[in-house]
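*Asks:* Protein chains in written order, with my numbering: chain A, 50 to 130; chain B, 50 to 130.
Hints listed in this document are in silico derivations from the structure and should not be mistaken for laboratory results. Where hints are given, some of them may not hold.
Copies of one chain are not kept apart here, so a pair can be met inside one copy or by any two copies together.
[Unchecked claim] The calculated lysine to aspartate or glutamate pairs, modelled on DMTMM-like cross-linking and capped at a C-alpha distance of 25 Å, are: (1) Lys61 x Glu102; (2) Lys61 x Glu104; (3) Lys82 x Glu111; (4) Lys115 x Glu104; (5) Lys85 x Asp114; (6) Lys124 x Glu111; (7) Lys129 x Asp66; (8) Lys82 x Glu68; (9) Lys91 x Asp66; (10) Lys85 x Asp66; (11) Lys85 x Glu98; (12) Lys129 x Glu68; (13) Lys82 x Asp110; (14) Lys86 x Glu102; (15) Lys82 x Asp66.
Number of protein chains: 2
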Amino acid sequence: MNFIYEIKITYKDSVNDPEGLTITESSQRIGFKEIKKIRSGKLFIINVESPNENEANIKIDEICDKLLHNPIIEKYSFNKI
Amino acid sequence: MNFIYEIKITYKDSVNDPEGLTITESSQRIGFKEIKKIRSGKLFIINVESPNENEANIKIDEICDKLLHNPIIEKYSFNKI
């Protein structure tokens, strides 16, 4: 069976996010005074072939851990879509 | 009131995604044969100050449209978290 997952990777709260900071400042400069904070992150949409949802979950967790995120500065979450 | 939104920006389906393709190939090379396709995207977590949710929605839609996404090659979606 084919499962589709959405993976969200964001910086840990204690880690600086220069991209997010720059976009926050840019948005305020062009008039979006209501925007108080922007944090940036990465998104992956993954198609995985698996006999069942449980094994698909395990595979996605493994690939997030081994390939997609940097555990020093990032955290991840995922959900089936 | 303070609202927090999650914004997802992905390439349109017809647009090539070299980052996603590279990660797909890398994942298969290191043994994740079950991974059939990975598409990459961007994620933003935005804090917005607004008198009500309706106006916050309008602001977020506007900033996505004007600053965060490239309408030629990308699409966006958002939800309050």
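*Asks:* Hint by hint, say whether it matches the structure.
*Replies:* So, going through the hints one by one against the coordinates:
1. Lys61 x Glu102: Classified as neither; 28 Å inside a copy, 27 Å across copies.
2. Lys61 x Glu104: Close neither inside one copy (27 Å) nor across copies (29 Å); limit 25 Å.
3. Lys82 x Glu111: The answer is between: 13 Å across copies meets 25 Å, while 41 Å in one copy does not.
4. Lys115 x Glu104: within (16 Å within a copy, 41 Å between copies)
5. Lys85 x Asp114: This pair counts as between: shortest inter-copy Cα distance 18 Å, intra-copy 31 Å.
6. Lys124 x Glu111: For Lys124 and Glu111, only the intra-copy Cα distance (13 Å) is at most 25 Å; the inter-copy one is 28 Å.
7. Lys129 x Asp66: Only across copies: Lys129 and Asp66 sit 21 Å apart there, 27 Å inside one copy, limit 25 Å.
8. Lys82 x Glu68: Only inside one copy: Lys82 and Glu68 sit 18 Å apart there, 33 Å across copies, limit 25 Å.
9. Lys91 x Asp66: Answer is both; intra-copy 12 Å and inter-copy 14 Å each pass.
10. Lys85 x Asp66: So Lys85 and Asp66 pass the 25 Å test inside one copy only (14 Å; across, 31 Å).
11. Lys85 x Glu98: between (41 Å within a copy, 7 Å between copies)
12. Lys129 x Glu68: Between copies only: 21 Å across chains, 28 Å inside a chain, cut-off 25 Å.
13. Lys82 x Asp110: between (38 Å within a copy, 15 Å between copies)
14. Lys86 x Glu102: between (36 Å within a copy, 17 Å between copies)
15. Lys82 x Asp66: Intra 20 Å, inter 33 Å, cutoff 25 Å: intra-copy only.
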